[in-house]
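S.K.: Here the protein sequences line up with chains H and C, keeping their order.
In terms of numbering that gives the first Met the number 0, the first sequence opens at residue 0 and continues consecutively.
In terms of numbering that gives the first Met the number 0, the second sequence opens at residue 0 and continues consecutively.
Hints may be right or wrong, so weigh each one.
[As the list claims (entries may be wrong)] Residues of chain H placed beyond 10 Å of chain C at every Cβ, according to the derived structure:
1) 77
2) 86
3) 201
4) 202
5) 273
[Unchecked claim] Which residues of chain C face chain H? A partial, calculated answer using Cβ under 10 Å:
6) 123
7) 145
8) 148
9) 191
10) 215
11) 239
No wet-lab data here; the hints were simulated from the structure.
Glycine is no exception: its CB is placed at the ideal position from the N, C-alpha and C atoms.
Protein chains: 2
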Amino acid sequence: MTLTTAVIGLGSMGLGAALSLARAGLPVRGVDLNPAPLAELAAAGGIVAANPAEAAEGCEAVFVYVVNAAQTRAVLFGENGAVSAADPGTVFVLCPTMQPDDAIAIADDLAQAGMLAIDAPVSGGATKAREGAISIMASGPSEAFDRTQPALDAIAARVFRLGDAPGAGSRMKLINQLLAGVHIAAMAEAMVLAAKSGLDLATVQKVITQCAGNSWMFENRGPQVVSGDYTPFSAVDIFVKDLGIVTDTAQGLGSPVPLAEASLELYRSAAAAGLGREADAAIAKILAQRAGAKLP
Amino acid sequence: MTLTTAVIGLGSMGLGAALSLARAGLPVRGVDLNPAPLAELAAAGGIVAANPAEAAEGCEAVFVYVVNAAQTRAVLFGENGAVSAADPGTVFVLCPTMQPDDAIAIADDLAQAGMLAIDAPVSGGATKAREGAISIMASGPSEAFDRTQPALDAIAARVFRLGDAPGAGSRMKLINQLLAGVHIAAMAEAMVLAAKSGLDLATVQKVITQCAGNSWMFENRGPQVVSGDYTPFSAVDIFVKDLGIVTDTAQGLGSPVPLAEASLELYRSAAAAGLGREADAAIAKILAQRAGAKLP
């Protein structure tokens, strides 16, 4: 029996998931405000839906790939929302990064409507999304995982099962985003200091990736500073949002996060300087400006 | 022709280098104030020297593995210093982390005394030092590298040649230490937030090491917070020193390093709380105390 799927929100991550579902031979519908990813999905054999309700009608697994909790609520419960048309028992896979409390509240509202939900934020970036090789930090009832297994296998290399209750997936994602956001900022800080020191940045990239100062983000984002090409894989604005959620959550828990705060200041300054849509590594430009350093 | 070597300073890194030299069949003398590593070196076939001068007499390659620039000057130029007894043309390999300006000044003074010098800070930790598998970020004259090649091969998996002038090795090492020190602090901040969130720390360690939030330090030091075992590989005091050098150097260059500063505050607080000799990951205890979190 084939699992019928839908993806609501075809940004780089959602489109990657939808294309991976199509490649795996699963029927997939897509919905987005932007026509370009809809055309790409259609060319890959997917079906274009006019709105979330149309996408969810008769579907068994609905992946929500919008940006935040407010958009998630809108596409689920708003006008032409997915829940209005979905069959009872449909599994909603919630992929946005959001406050754990929001993930819990949305999952509860879905349960009230007779639906199942997985709190399922993702990690890995646009390239891995297209390869069907992201990681998912997921919590929710076993029944929801069982029903959506073929779809999860199609989009992810690894699904970390973090228990039956929504919230745990989002909590783990925030830990990942704290580290990812700080590591990009540390890379930028290190590259600007290296430039001021007169070191060749390509050499710095080569040496550090083989030393104890390496990070996944240094390896992945460092080349953007070395080349001066800030074409976004993931934009500055994403970390303005995600580190904002991290610091808000940490404040609510009374847990000090001085590095996340120092990093968030850099992302906010970059956004204020008009760099919000550039690659997140463009925070290096803010530090370079403050240092009077020249970057490539 | 066999290269005769000496190692001044047999802390965990220096002892590892000396044992690696002995294992490679090179004659090696060692000197330290602590009898334990001297005994271990002697058992491995090395020769115990009473002071730096005795160690350096008739030696071709002298590795300096003390803690900082002041100690380097003392063992080279002080009472019973190595330079007083070394033959002209002896190569001094300077491994401590120090200000680039100090490395340059010491190399210049060695040149004045008719010696050769390599500015050669190392990365990799105690285990890799014993395996002869550290990385060396090195700059100095080609002649110095040519003469010491068998010894460098014995102690290092990788020697990054960063030019003919002293200073470049130390500059690169500071970039590595900035990143390493910040990444340990980010790990600690993330683990404490995870504990406050109710996540299982062993699960956090497992998930993050497979996601984009990973770093060399998260992978290496995270298990210390998960287990609660802060037996030092590298102590809090090392990063009090090294991030102090980073922030001083950055200030001198006018390059902002907000993350290094926020991290240094944590190492300093840990040292002030009596944790200076514990593993660097023990800065997590400071954050846990501020958060009212319980760590293992």
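S.K.: Hint by hint, note whether the structure agrees.
M.R.: Against the structure, the hints:
{"no.": "1", "hint": "77", "verdict": "holds (29 Å)"}
{"no.": "2", "hint": "86", "verdict": "holds (32 Å)"}
{"no.": "3", "hint": "201", "verdict": "holds (12 Å)"}
{"no.": "4", "hint": "202", "verdict": "violated (7 Å)"}
{"no.": "5", "hint": "273", "verdict": "holds (20 Å)"}
{"no.": "6", "hint": "123", "verdict": "holds (7 Å)"}
{"no.": "7", "hint": "145", "verdict": "violated (21 Å)"}
{"no.": "8", "hint": "148", "verdict": "violated (19 Å)"}
{"no.": "9", "hint": "191", "verdict": "holds (6 Å)"}
{"no.": "10", "hint": "215", "verdict": "holds (5 Å)"}
{"no.": "11", "hint": "239", "verdict": "violated (16 Å)"}
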